[in-house]
Amino acid sequence: MDTMSPVERVLRALALTLVVVFFMFPIFWIFLMSFQTNETILSIPPSIVFSPTLSNYAALITGKLQTAAGTLDIAFMRNLGNSIFLSVTSVAVALVLGVPAAYAFARHKFKGSEDIAFTLLSFRFAPPLLVLLPLTQYFQWLGLSNTYFGLIWVYQLICLPLILWIVRGYFEDISADVEYAYRIAGHSWFATFRKIALPLAGPGIAAAGLLAFIFAWNNFVFALVLASADKQPVTVGALAFITSSGIQYGQIASAIVLSVTPTLALALYAQRYLVEGLSLGAVKG
Amino acid sequence: MASTATLRKPASGFRISRKMLPYVLSLPALLVCIGILIPFFTAVIYSFQRYRLSQPWARQFNWGENYLNFVTDPAFWNTLKVSLLYAGITVTLELLLGLGIALLLQRRSTINNFISIMLLLPLMIAPALAALMWKLMTNPSFGILSYLASLIGLHDFRWASSPDTALLTVVLVDIWVYTPFIMILLLAGLRSLPTQPFEAAALDGVPRSFVFFRITLPMLTPYILTATLFRLLDSIQQFDIIYAMTQGGPGNTLTVFQVEAYLNFFQSTNVGRSAALLIILWAITYTLSNVFIKNWLRLRERARGEA
Numbered sequence: 001m002d003t004m005s006p007v008e009r010v011l012r013a014l015a016l017t018l019v020v021v022f023f024m025f026p027i028f029w030i031f032l033m034s035f036q037t038n039e040t041i042l043s044i045p046p047s048i049v050f051s052p053t054l055s056n057y058a059a060l061i062t063g064k065l066q067t068a069a070g071t072l073d074i075a076f077m078r079n080l081g082n083s084i085f086l087s088v089t090s091v092a093v094a095l096v097l098g099v100p101a102a103y104a105f106a107r108h109k110f111k112g113s114e115d116i117a118f119t120l121l122s123f124r125f126a127p128p129l130l131v132l133l134p135l136t137q138y139f140q141w142l143g144l145s146n147t148y149f150g151l152i153w154v155y156q157l158i159c160l161p162l163i164l165w166i167v168r169g170y171f172e173d174i175s176a177d178v179e180y181a182y183r184i185a186g187h188s189w190f191a192t193f194r195k196i197a198l199p200l201a202g203p204g205i206a207a208a209g210l211l212a213f214i215f216a217w218n219n220f221v222f223a224l225v226l227a228s229a230d231k232q233p234v235t236v237g238a239l240a241f242i243t244s245s246g247i248q249y250g251q252i253a254s255a256i257v258l259s260v261t262p263t264l265a266l267a268l269y270a271q272r273y274l275v276e277g278l279s280l281g282a283v284k285g
Numbered sequence: 001m002a003s004t005a006t007l008r009k010p011a012s013g014f015r016i017s018r019k020m021l022p023y024v025l026s027l028p029a030l031l032v033c034i035g036i037l038i039p040f041f042t043a044v045i046y047s048f049q050r051y052r053l054s055q056p057w058a059r060q061f062n063w064g065e066n067y068l069n070f071v072t073d074p075a076f077w078n079t080l081k082v083s084l085l086y087a088g089i090t091v092t093l094e095l096l097l098g099l100g101i102a103l104l105l106q107r108r109s110t111i112n113n114f115i116s117i118m119l120l121l122p123l124m125i126a127p128a129l130a131a132l133m134w135k136l137m138t139n140p141s142f143g144i145l146s147y148l149a150s151l152i153g154l155h156d157f158r159w160a161s162s163p164d165t166a167l168l169t170v171v172l173v174d175i176w177v178y179t180p181f182i183m184i185l186l187l188a189g190l191r192s193l194p195t196q197p198f199e200a201a202a203l204d205g206v207p208r209s210f211v212f213f214r215i216t217l218p219m220l221t222p223y224i225l226t227a228t229l230f231r232l233l234d235s236i237q238q239f240d241i242i243y244a245m246t247q248g249g250p251g252n253t254l255t256v257f258q259v260e261a262y263l264n265f266f267q268s269t270n271v272g273r274s275a276a277l278l279i280i281l282w283a284i285t286y287t288l289s290n291v292f293i294k295n296w297l298r299l300r301e302r303a304r305g306e307a
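Heads up: the protein sequence lines correspond to chains Z and V, in order. Under the UniProt record's numbering, the first residue of the first sequence carries the number 1, and numbering increases by one thereafter. Under the UniProt record's numbering, the first residue of the second sequence carries the number 1, and numbering increases by one thereafter.
Hints are computed from structural coordinates only; laboratory data are not their basis. Careful: at least some of the hints might be erroneous.
No farther apart than 30 Å at their CA atoms in a straight line, the calculated lysine-lysine pairs in the DSBU-like style are these [said to hold, decoys possible]:
1) V:Lys294 <-> V:Lys81
2) V:Lys19 <-> V:Lys294
3) Z:Lys109 <-> V:Lys294
4) Z:Lys109 <-> V:Lys19
5) Z:Lys195 <-> V:Lys19
Make the full structure from the sequences, and use the hints.
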């Protein structure tokens, strides 16, 4: 490995450059596009030299789009707000429900625990529409169609298994002896859970929460099926926006940039947990 | 008096027995999930019914008819073909690319670590939004990729709007989003391999192709299997990228299972056929996921045992 010929060194560098260009270029290009007017975007050949404009972002934030045909209302900021609200609330609910369950699965081998854990995990791999399509009818009967409550409940399908499996792994890694010692000193199980287990698994819980947030934010099909325009997150909203705004390509690009910035920022912040979380701890070690 | 009694820690009247505790702790999570199992069984019932939203009065059990009809239904065979083709092509290419990139980045260095973090970014973008990004880049009138294609002589290259290249285009987006997933899994695997066999091979002057095929690959196999099955399970169910890019079109070029089921439900309002399609997809993923979970548990146990 250490004895690389110069030719090999050059080839490796070349291959890596190609890889970086392929994976980074789309992000770079859409970012540039979001600062361009439609005239610049439509000019041929495309150029990376242009005078940047903030008009696309201004139009999205004020919600007023000036077109030749008149002023068009755009509700994109509302989609952004929905995304934030749905993701944050869903993760909070999943943490409250999932962390105690993860603790139970990690500490107590009770009857049926493995079966239950597997059933929960299998939700991660089932086709989402199989549940969503019948759910549209149940939601109509229950009056949950197009409500935040209904959406947050369904979002548990993504968040809960993720939190359960990652956090369970972290609890299993904590030696149970520390907890026994604390309990023998006369503390209740709840005090042990709160004072010993929770702080020790803290980083794992935070990582699982961040990942669940990213997954909830990036979800598309749940809201596509169950939400109308006023409750839709950015993933669905951006698609509708393309249809409604016609040829306002600059605004579409800036809408995409605003939609992906939160997850990209979180990913960079929490990157060292990503491998473990994405594989549900499959490659731990 | 009464208040001091309730303040004392093990409140005797309201004490959860040790045996019940785990059930109590996991009950809320279970209840939420049972809410999900009900629609699942409803879907099974739908799949055995003649049920169209446009003719609710004609709803009745037709038992296996929805499934039997698939045998002679060219649209179903097209769905099966496109789904398998999509999953097969994406996973194969992503595996080869991901392994290649992981090998390039294997040695720990500042630049390699930086690149591996950068490569995570496409994976963090919502697949539906990634599809929109590529849609802008492949737009016939201003897309940069259409322009680049014209530079190499491919004038009027239509990308996702032509039946000939639609599959290629969505596969490209899938590769862009998910190759980093395989890459980081295999990179983690490569970096966790014991160093002794490689040192011994280097001392003996064993050729590098031999080291790769006889030492690296076999030791990496559990990671490769995990990554492949994980991707296969997602890829055969792909909806977001294809729906955001082409809605299953042009024509029925890209009507994979979930897209076809979605269109059946909402456009042709044929609930019975839609549910039957999803049950077949579920059977495929259930089989795959059982294989996957077994393999994964073995890997997990091994990782724990060695740690």
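Now for the hints, and whether the structure bears them out:
Distance hint between Lys294 of chain V and Lys81 of chain V is fulfilled; the C-alpha atoms sit about 28 Å from each other, no more than 30 Å. Using a Cα cut-off of 30 Å, the hinted pair Lys19 of chain V and Lys294 of chain V holds, with the two alpha carbons roughly 29 Å apart. At most 30 Å may separate the alpha-carbon atoms for a hinted pair to count; Lys109 of chain Z and Lys294 of chain V meet this at roughly 19 Å. At most 30 Å may separate the alpha-carbon atoms for a hinted pair to count; Lys109 of chain Z and Lys19 of chain V meet this at roughly 11 Å.
With a C-alpha separation of about 22 Å, the suggested pair Lys195 of chain Z and Lys19 of chain V falls inside the 30 Å cut-off, and the hint holds.
In this structure, none of the earlier numbered hints is contradicted; all agree with it.
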